[in-house]
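Here is how the chains run, residue by residue.
There are 2 protein chains.
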Amino acid sequence: MSEPSPTLDVIGIGNALVDVLCHETDAFLTEHNLVKGSMALIDTERASSLYDDMGPATEMSGGSVANTMVGVASFGGKAGFVGRVRDDELGDVFAHDIRRSGVQFETEPATSGPPTGRCLIVVTPDAERTLSTYLGAAAEIRPSDVSAALIASAQVIYLEGYLFDQPVAKEAFRAAARHAHDAGRRVALTLSDGFCVDRHRDDFLSLVEHDVDILFANESEICALYEVDDFDAALQHVTHHCEIAALTRSAKGSVVLRGDEVHVIDVHPVPGAVVDSTGAGDAYAAGFLYGFTNGHDFGRCGRLGSLAASQVISHLGGRPEGSLAELAPSVLQ
Amino acid sequence: MSEPSPTLDVIGIGNALVDVLCHETDAFLTEHNLVKGSMALIDTERASSLYDDMGPATEMSGGSVANTMVGVASFGGKAGFVGRVRDDELGDVFAHDIRRSGVQFETEPATSGPPTGRCLIVVTPDAERTLSTYLGAAAEIRPSDVSAALIASAQVIYLEGYLFDQPVAKEAFRAAARHAHDAGRRVALTLSDGFCVDRHRDDFLSLVEHDVDILFANESEICALYEVDDFDAALQHVTHHCEIAALTRSAKGSVVLRGDEVHVIDVHPVPGAVVDSTGAGDAYAAGFLYGFTNGHDFGRCGRLGSLAASQVISHLGGRPEGSLAELAPSVLQ
Chain E
1 MSEPSPTLDV
11 IGIGNALVDV
21 LCHETDAFLT
31 EHNLVKGSMA
41 LIDTERASSL
51 YDDMGPATEM
61 SGGSVANTMV
71 GVASFGGKAG
81 FVGRVRDDEL
91 GDVFAHDIRR
101 SGVQFETEPA
111 TSGPPTGRCL
121 IVVTPDAERT
131 LSTYLGAAAE
141 IRPSDVSAAL
151 IASAQVIYLE
161 GYLFDQPVAK
171 EAFRAAARHA
181 HDAGRRVALT
191 LSDGFCVDRH
201 RDDFLSLVEH
211 DVDILFANES
221 EICALYEVDD
231 FDAALQHVTH
241 HCEIAALTRS
251 AKGSVVLRGD
261 EVHVIDVHPV
271 PGAVVDSTGA
281 GDAYAAGFLY
291 GFTNGHDFGR
301 CGRLGSLAAS
311 QVISHLGGRP
321 EGSLAELAPS
331 VLQ
Chain Z
334 MSEPSPTLDV
344 IGIGNALVDV
354 LCHETDAFLT
364 EHNLVKGSMA
374 LIDTERASSL
384 YDDMGPATEM
394 SGGSVANTMV
404 GVASFGGKAG
414 FVGRVRDDEL
424 GDVFAHDIRR
434 SGVQFETEPA
444 TSGPPTGRCL
454 IVVTPDAERT
464 LSTYLGAAAE
474 IRPSDVSAAL
484 IASAQVIYLE
494 GYLFDQPVAK
504 EAFRAAARHA
514 HDAGRRVALT
524 LSDGFCVDRH
534 RDDFLSLVEH
544 DVDILFANES
554 EICALYEVDD
564 FDAALQHVTH
574 HCEIAALTRS
584 AKGSVVLRGD
594 EVHVIDVHPV
604 PGAVVDSTGA
614 GDAYAAGFLY
624 GFTNGHDFGR
634 CGRLGSLAAS
644 QVISHLGGRP
654 EGSLAELAPS
664 VLQ
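Listed in order, the protein sequences are those of chains E and Z. Here this note's numbering is used: the first sequence runs in plain steps of one and ends on residue 333. Here this note's numbering is used: the second sequence runs in plain steps of one and ends on residue 666.
Extracted from the complex, chain E is given alone in its bound form:
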């Protein structure tokens, strides 16, 4: 290949969403047929009726892969994001926040069609979050948004499993992976969530085998992928199934595999109390990808991931606050 050197570390491709968070009781989940801890896709009508029933809320930019790109930038990495918003107020909020976080974001907003996507998040008293996602304009991402030149501009492309829930977004996903490999770049994937894996298991198994260089999954996602109940059983499947796997296990830490090389990484101590566990996986991927694209070994990549996760769960919201670059030296010695 004679591609120019990549100018970015990572480009993420995912759903551009604004989170709408409120606190409710467990009874609220039951009344609205919500499965605690899950992410359900909802249509316009359901989004409207659920929002009507939700209490007063706070809005902040979200989206799994978008959160990860903000984390990469917070470490001082060069990150880009591809995702679709509408030319409306929440779209302006999303674009403002991600750009002001130092992430390159050049996808044109849609000028017609559904409004900017949003994720209605119900936080129950046990700090669990239950997500209802109205994709809106986010579902409108298409292959032309991920040109060969754009994809070749980063060392790694990082893809959101959730994109498989929409046919056109899935095409964009596949086009991006193809461009990446044509340009000699690496392809990373997050499985997004266990229910998403259940919906697209065969596609994901084939992707992991043929297209994915770096796989991110938590315990329930990797178990869902191989239809096993036990983490170690999943571990035996994933070894040698893709080049690199970074598997997160909440309070049990994480496991990083690359061929025969294995790292078992403890969680990083959380400053203060755990306030909100969501975003932990996104932040872990940020630390890992920043480390990977900046020449760190896999143990350090895992420790950077744990560091980022510990920072994100110490406050409300899925994006890091403050500079992860300032914290990184403590885990790189």
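Per the computed footprint, the stretches of chain E lying under chain Z, defined by three or more beta-carbons under 8 Å from a beta-carbon of chain Z, are:
id, region
1, 46-60
2, 83-90
3, 96-106
Pair ranges (Cβ atoms, derived):
id, chain 1, residue 1, chain 2, residue 2, range
4, E, V270, Z, H570, 48 to 54 Å
5, E, Q333, Z, A658, 49 to 55 Å
6, E, K170, Z, D459, 44 to 50 Å
7, E, D230, Z, E654, 39 to 45 Å
To be clear, the hints were calculated from the coordinates, so they are not data collected in a lab. All C-beta atoms in this analysis are idealised placements derived from N, C-alpha and C, irrespective of residue type, glycine included.
Chain E is already provided as a structure; the job is to place chain Z on it using the hints.
Positioned in the frame of chain E, the structure of chain Z alone reads:
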């Protein structure tokens, strides 16, 4: 008078705003000619350029008097709010949040003209907040929004001094005060901020003397009103100038005056650390007005105000979280 009994405790009339909060350094204030701790009105262009320069932000419903009405409802009081939003996404957010907080909100959104108003809030490392308000649709409130019947439906109307910054809103303010007195209702006013008092001192002095039954002000506002440097000097002026005055003094507590009756109220202990001091005055007014309209004596009204303020400053944002009704018994014994 043969008006029917009021169905609401308090109706607030004020600017319907969504807060856009971000953290920045003191240098950011200097670069953007912002005076720390002040509220400046900004136009569309300035709102746009300032937002472009602000870091990633969080959106939550705000507005001084709107915050107070949410506080009254949180105590279990019956509150209503009059203010104008546009029929846009931030307008939907504002309406959702205030209604779901239990506040009656029936003002029709504007279907043309400027977008929903917003308050760009820069939080510096010393926890001070500097406000730049783009009024947008909030400035479009007009006398027809405050019908005699609506005003007569509450025991007290609570007016925002900031309304004086817009000629038509000011007319609505005066119409509401007139309707209230015609119906035998009480008129309460918050001076809003010291700079606002400087802009409208003569109007406010005349209002306090002739139209206001309950005056809310903090130390800098009451000193600005009477152009004195010292709290006690201001106290001498305000005594007998209006029927009831509730004056807040941050960590020094508050003073409640009614004729010769004086209450000096200490601050209520804050659960945990002080996170964000804004909204303290709005919350104090909520506790006081709830107490006043529910038959409590002035000492208890002040203690309810201090309780509400202590709750609001223990978290980010200007509206109470959780139920103030559950906390109230501790200060009512």
